Amino acid sequence: MSKKSNNGQDSAANGPTFERPIAEIEAKINELETLSQTTKLDISSEIEALQERLKEEIDVVYSDLGAWDRVTVARHPKRPVASDYITSILEDFFELHGDRAFGDDKAIVTGLATMEGRRVMLVAHRKGKTTKERVDCNFGCAHPEGYRKALRKMRLAEKMELPIVALINTPGAYPGIGAEERGQALAIAENILAMFQLRVPIVAIVIGEGGSGGALGIGIGDRVLMMEHAYYSVISPEGCAAILWKDGEKSPDAAEALKLTSGDLRELGVIDEIVPEPAGGAHRDAETAMRSVKEALVRALDELALIPTDELLEQRHQKYRYLGAIEGRFPAPAGPGRADD
Amino acid sequence: MPDPDQNSSSVAHEEVLSPGETAGASPHSDDSPQEPRPGLKEHSEVHVVEKNESEESEHADGAEESGAEKPGRLARMRRSKKKDMPGGLWLKCESCSQVIYRKELEEKGRVCPACDFHFTLPGSDRVKMLLDDGTWTEEYAELVPIDRLNFEEKVTYADKIERTLARMKQNEALICGRGEILGRKVVLAVLDFSFMGGSMGEVVGEKIALAAEMAARDNVPFIVFTSSGGARMHEGILSLMQMAKTCAALDQLNRAGGFSICVMTHPTTGGVTASFATVCDISLAEPGALIGFAGPRVIATTIKQELPPGFQRAEFMLEKGMIDAIVRRTELCQTLAKLIDYRGL
Numbered sequence: 004m005s006k007k008s009n010n011g012q013d014s015a016a017n018g019p020t021f022e023r024p025i026a027e028i029e030a031k032i033n034e035l036e037t038l039s040q041t042t043k044l045d046i047s048s049e050i051e052a053l054q055e056r057l058k059e060e061i062d063v064v065y066s067d068l069g070a071w072d073r074v075t076v077a078r079h080p081k082r083p084v085a086s087d088y089i090t091s092i093l094e095d096f097f098e099l100h101g102d103r104a105f106g107d108d109k110a111i112v113t114g115l116a117t118m119e120g121r122r123v124m125l126v127a128h129r130k131g132k133t134t135k136e137r138v139d140c141n142f143g144c145a146h147p148e149g150y151r152k153a154l155r156k157m158r159l160a161e162k163m164e165l166p167i168v169a170l171i172n173t174p175g176a177y178p179g180i181g182a183e184e185r186g187q188a189l190a191i192a193e194n195i196l197a198m199f200q201l202r203v204p205i206v207a208i209v210i211g212e213g214g215s216g217g218a219l220g221i222g223i224g225d226r227v228l229m230m231e232h233a234y235y236s237v238i239s240p241e242g243c244a245a246i247l248w249k250d251g252e253k254s255p256d257a258a259e260a261l262k263l264t265s266g267d268l269r270e271l272g273v274i275d276e277i278v279p280e281p282a283g284g285a286h287r288d289a290e291t292a293m294r295s296v297k298e299a300l301v302r303a304l305d306e307l308a309l310i311p312t313d314e315l316l317e318q319r320h321q322k323y324r325y326l327g328a329i330e331g332r333f334p335a336p337a338g339p340g341r342a343d344d
Numbered sequence: 124m125p126d127p128d129q130n131s132s133s134v135a136h137e138e139v140l141s142p143g144e145t146a147g148a149s150p151h152s153d154d155s156p157q158e159p160r161p162g163l164k165e166h167s168e169v170h171v172v173e174k175n176e177s178e179e180s181e182h183a184d185g186a187e188e189s190g191a192e193k194p195g196r197l198a199r200m201r202r203s204k205k206k207d208m209p210g211g212l213w214l215k216c217e218s219c220s221q222v223i224y225r226k227e228l229e230e231k232g233r234v235c236p237a238c239d240f241h242f243t244l245p246g247s248d249r250v251k252m253l254l255d256d257g258t259w260t261e262e263y264a265e266l267v268p269i270d271r272l273n274f275e276e277k278v279t280y281a282d283k284i285e286r287t288l289a290r291m292k293q294n295e296a297l298i299c300g301r302g303e304i305l306g307r308k309v310v311l312a313v314l315d316f317s318f319m320g321g322s323m324g325e326v327v328g329e330k331i332a333l334a335a336e337m338a339a340r341d342n343v344p345f346i347v348f349t350s351s352g353g354a355r356m357h358e359g360i361l362s363l364m365q366m367a368k369t370c371a372a373l374d375q376l377n378r379a380g381g382f383s384i385c386v387m388t389h390p391t392t393g394g395v396t397a398s399f400a401t402v403c404d405i406s407l408a409e410p411g412a413l414i415g416f417a418g419p420r421v422i423a424t425t426i427k428q429e430l431p432p433g434f435q436r437a438e439f440m441l442e443k444g445m446i447d448a449i450v451r452r453t454e455l456c457q458t459l460a461k462l463i464d465y466r467g468l
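Chains A and B are the protein sequences, given in the same order. Using our numbering, the first residue of the first sequence is number 4, and each one after it goes up by one. Using our numbering, the first residue of the second sequence is number 124, and each one after it goes up by one.
By construction, these hints were calculated from the structure, which means they are not laboratory data. Everything numeric in this text was worked out from a predicted model, so none of it was measured.
Below, in silico cross-link-like pairs of lysine-lysine (DSS-like), each with a Cα-Cα straight-line distance of 27 Å or less:
#1 A/Lys81 with A/Lys135
#2 A/Lys253 with B/Lys283
#3 A/Lys58 with A/Lys43
#4 A/Lys132 with A/Lys297
#5 B/Lys427 with A/Lys109
#6 B/Lys292 with B/Lys308
#7 A/Lys253 with B/Lys277
#8 A/Lys135 with A/Lys109
#9 B/Lys277 with A/Lys249
#10 A/Lys135 with B/Lys427
#11 A/Lys249 with B/Lys283
#12 A/Lys249 with B/Lys427
#13 B/Lys251 with B/Lys461
#14 B/Lys292 with B/Lys277
#15 A/Lys58 with A/Lys81
#16 A/Lys81 with A/Lys132
#17 B/Lys231 with B/Lys251
#18 B/Lys443 with A/Lys109
#19 B/Lys427 with A/Lys253
#20 B/Lys427 with A/Lys132
Okay, chain A solo, but in the shape it has when bound (with noise of 0.2 Å):
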């Protein structure tokens, strides 16, 4: 791997370094595919051998992916991204703007949407899918007027009823002059403090990157979801490696140590369920991932329908107050007995 290209992808186009062999078998399919067009041979058993080893590929690759690969698998440029479940899952959506005090913050959407009948308030990351949009919504690193647009939508959100949902996919808070200047830290602490006020019942999901403050800043929830192939973390495994292995080729290495695929993160009690992606992830077949999303947070929505408010909001405290706990290694809380109790 090059030194310009340590992100783990070849380049935008051609996707993760992992899936080169099934890359190879996909482009001699399409080039059998095309011979077969323009020279009318019928080499149709060729062809379809070729797909059944595709598939093969496919689930042998997937069967064993390391942290890295995933957080590639996250960051692939045909992943579905927020605009396309507003497309896809949402009906009836109106996007309601800005946060009121300083501007628009593209990098988070917001606006009241509908799901198989259910109303309720989106907060989501938004990143692009063209170069452009990618630019527009500034990579999906917000701003604290993004947080601070998310946090107003969602007291709307509570006024109006409606349960939030959030789609989290950001590689972080953007660290500049301007987000310094406006309180980024501030931003996401208070949205972070007012998620255990809101009396409606907030799904979270974490569809692509989760990355760390940023994330967390519209990520408190009744319920915690994370795409099979999505990451969760403290920190960039760039960043992490940066710091401790003082070499940002380690990045590999961090992503195994920070422990922040889904599966570890379930393990750890972080997140409560997995949303599992079709074979060979979400960018293969985003109809059906999104799909799977889709009924996983209705399940979860109509779950939380039925908790009465007041212990609602008791339980969204309880979980993050014990997250994690383990019997015996922190004195027992004085107060209400532990979630698991």
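Keeping the supplied structure of chain A fixed, place chain B upon it in accordance with the hints.
Positioned in the frame of chain A, the structure of chain B alone reads:
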């Protein structure tokens, strides 16, 4: 329980862990002389406390990331010949580069006599400085960090914990307990930068939550002092979740009608700033304290620009409306007492 008086070992590490040096040109130095007096330069390098590479803090959001500045590295190499100089008589101010007589610095509460820079204070010194004599009872001191991820880089986190515990007289970066400030009962929590850069892992988060709960039960003000590089990345996602845990605890304190004051000291960055530090009822800062989400080097690298003078310092944060007031160290006790008295009970 660590004795607040026994702090000599942590005092000896102030230069080891202060971020101003490794964060490159400290913006703080703009209003003060940049160069040390010529005659004293060589002198200072003889007496400066040895910088120990292995004890540099490591944390997610990086107020301090070592080894990037060439001049700093050179200076360190030169200094490395002068080992065995802990507790030297002189040291150099990380802000104005003035060479200071150590005794004078300690007498002034570790505030630079030349430029008023407030040096990072070991947690035990902070407790001693703030609380009335004999009122301090530390709680939950027995909790030690745990390596739940079996985190391994060049060394394992478990080894790192062991080495840190052997060096320090406390078990975690946060100390908390009960005490009195000029006769007012408080629950006090202090983050100590000399313990793994004051980084927040599971135990730090848990202790903040326990302390907030203690304040709610006792119905006394919750006073927090922060100095931290952010989340402790060796604890991975569990360290990130402490942002949620500490905010949940503060929310609970608020519901119980509690009252909280946070004093951000040099440096307060990353996950600590983005959670409990900034959402207390009153936000104070010490002069010159670096306060921010991302560390200055991360920002400079991202935007490929030099940062404006004074960027992310307490004075800058005050001007931008992000904190309530800047309070000098010598005036902290009176100020906290006054704020506590304003609260109707």
